[in-house]
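So the sequence lines, in the order shown, correspond to chains A and B. Numbered according to my numbering, the first sequence spans residues 3 to 208. Numbered according to my numbering, the second sequence spans residues 30 to 126.
Do not rely on the hints blindly, as some may be mistaken.
[Claimed, not checked] Derived DSSO-like pairs: lysine-lysine, alpha-carbon spacing no greater than 27 Å straight-line:
no. : chain 1 : residue 1 : chain 2 : residue 2
1   : A       : Lys92     : A       : Lys168
2   : B       : Lys42     : A       : Lys21
3   : B       : Lys95     : A       : Lys88
4   : A       : Lys21     : A       : Lys172
5   : A       : Lys112    : A       : Lys139
6   : B       : Lys95     : B       : Lys42
7   : A       : Lys91     : A       : Lys169
8   : A       : Lys88     : A       : Lys172
9   : A       : Lys21     : B       : Lys95
10  : A       : Lys21     : A       : Lys139
11  : B       : Lys42     : A       : Lys92
12  : A       : Lys172    : A       : Lys91
13  : A       : Lys21     : B       : Lys99
14  : A       : Lys139    : A       : Lys88
15  : B       : Lys99     : A       : Lys88
16  : A       : Lys172    : A       : Lys92
17  : A       : Lys168    : A       : Lys91
18  : A       : Lys91     : A       : Lys21
19  : B       : Lys99     : B       : Lys42
20  : A       : Lys169    : A       : Lys92
21  : B       : Lys42     : A       : Lys88
22  : A       : Lys91     : B       : Lys42
23  : A       : Lys88     : A       : Lys169
24  : B       : Lys95     : A       : Lys91
25  : A       : Lys168    : A       : Lys21
26  : A       : Lys139    : A       : Lys119
27  : A       : Lys92     : A       : Lys21
[Said to hold, decoys possible] Taking beta-carbon pairs under 8 Å as the criterion, some of the chain A residues facing chain B (in silico):
no. : residue
28  : Ser47
29  : Val62
30  : Thr74
The set of hints was computed from the structure by calculation and includes no laboratory data. For each residue, glycine too, the CB sits at the ideal point set by N, CA and C.
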Amino acid sequence: MGHLVLPNSGHNRDPEANKMGMWLFLFTELLLFGGLFIVYFVYRSMNSDAFLHASYELDVIIGTINTVILITSSMTIAMSITALQKGNKKLAMYLLWATQAFALAFLVNKYFEWGIKIEHGIFPGLDHYNHMPSGEKLFFFLYYFMTGLHALHIIVGGIFIGVVMKKVQKGEVTGERISLLENSGLYWHLVDLIWIYLFPLFYLIH
Amino acid sequence: MKDDNHPHIVNYKEHFGTWIGLMILTVMTVVVSVTNANLQMLTVLTALTIATTKAVLVAYYYMHLKFDQKIYRIMLWVVMGLFVSFMILTIIDYITR
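Isolated chain A (complex conformation) (with noise of 0.2 Å):
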């Protein structure tokens, strides 16, 4: 039952070091939004008032659709190794499919909510922000620069499940060799984990 393996069998796979090396990279990724996470409440502190105040152009309901989006997605593909594991490749399938439908749905809202406030002449640059008084200007370039940074995540790690799909459906990535998987899962679990924050720290402050 290969329960005997050489040493060096022609495979060198080590899954163990496949997974501290993806969270060793989680850890920078961590860092690099912890950093902003830091500007943030220091720029709140001292604009208390213009930040409560900016938060309020901000749609709670959009960004509670997104939050249940993103939660979802992380169940699907959390379930989508527990389906390869099991071997049931078609299932896995689908449910990397449910969470790519919802990366984009993801997506999809996050270009009518910026499009609204973009019309509105919210955005750096353009006329109503530029009358803004200066905490609310940092309040939205904070909003932009974060939430835009968060938006990028969700393109790469969409790119990295579909090549990861890729390699499900040519059998390069089955229940006993299911690190490339479990490493694009880790990477949308973290992408979730960021929005957790963010959620709360722009839509909800007042």
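Start from chain A and add chain B according to the hints.
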């Protein structure tokens, strides 16, 4: 060493249970924010506490930390401790100027 070849498989129910937990916490944080318009500082603390609870749920269940070797949990808490101390030091700096 049998476990090396047979990692813990988290079942669907557990994933769904985690999802339910995350949903309840999301509803809580939205309700607290919408209803308590005046408790500024407290609202922030509540929001951060709920967010951290959600983060721990995601990390321990979805990211498998609960079932992985201890070293991953230790690393995560060390990194978070480092980050929180940076944050507290920066905030103290601004408050005491």
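Hint check results:
1. Lys92/A to Lys168/A: The given pair, whose Cα atoms are some 13 Å apart, holds under the 27 Å limit.
2. Lys42/B to Lys21/A: holds (24 Å)
3. Lys95/B to Lys88/A: Holds, because 20 Å separates the two Cα atoms, which is no more than 27 Å.
4. Lys21/A to Lys172/A: holds (22 Å)
5. Lys112/A to Lys139/A: This hinted pair holds, its Cα atoms lying about 20 Å apart.
6. Lys95/B to Lys42/B: holds (16 Å)
7. Lys91/A to Lys169/A: holds (11 Å)
8. Lys88/A to Lys172/A: Holds - the C-alpha atoms of Lys172/A and Lys88/A are around 18 Å apart, at most 27 Å.
9. Lys21/A to Lys95/B: Holds, at roughly 14 Å.
10. Lys21/A to Lys139/A: This hinted pair is violated, its Cα atoms lying about 40 Å apart.
11. Lys42/B to Lys92/A: The hint holds at about 19 Å.
12. Lys172/A to Lys91/A: holds (11 Å)
13. Lys21/A to Lys99/B: OK: Lys21/A and Lys99/B at ~13 Å, within 27 Å.
14. Lys139/A to Lys88/A: Status violated; Cα separation ~51 Å.
15. Lys99/B to Lys88/A: With Cα atoms ~25 Å apart, Lys99/B and Lys88/A stay inside 27 Å; holds.
16. Lys172/A to Lys92/A: holds (12 Å)
17. Lys168/A to Lys91/A: The given pair, whose Cα atoms are some 12 Å apart, holds under the 27 Å limit.
18. Lys91/A to Lys21/A: Since the Cα atoms of Lys91/A and Lys21/A sit roughly 22 Å apart, the hinted pair holds (cutoff 27 Å).
19. Lys99/B to Lys42/B: Cα-Cα ~24 Å, so holds.
20. Lys169/A to Lys92/A: holds (13 Å)
21. Lys42/B to Lys88/A: With Cα atoms ~14 Å apart, Lys42/B and Lys88/A stay inside 27 Å; holds.
22. Lys91/A to Lys42/B: holds (19 Å)
23. Lys88/A to Lys169/A: Given pair Lys88/A, Lys169/A holds - Cα atoms ~17 Å apart, limit 27 Å.
24. Lys95/B to Lys91/A: Holds, at roughly 25 Å.
25. Lys168/A to Lys21/A: holds (20 Å)
26. Lys139/A to Lys119/A: Distance ~13 Å between Lys139/A and Lys119/A Cα, so the pair holds.
27. Lys92/A to Lys21/A: Given pair Lys92/A, Lys21/A holds - Cα atoms ~25 Å apart, limit 27 Å.
28. Ser47: holds (6 Å)
29. Val62: Cβ of Val62/A sits 7 Å from chain B, so the hint holds.
30. Thr74: holds (7 Å)
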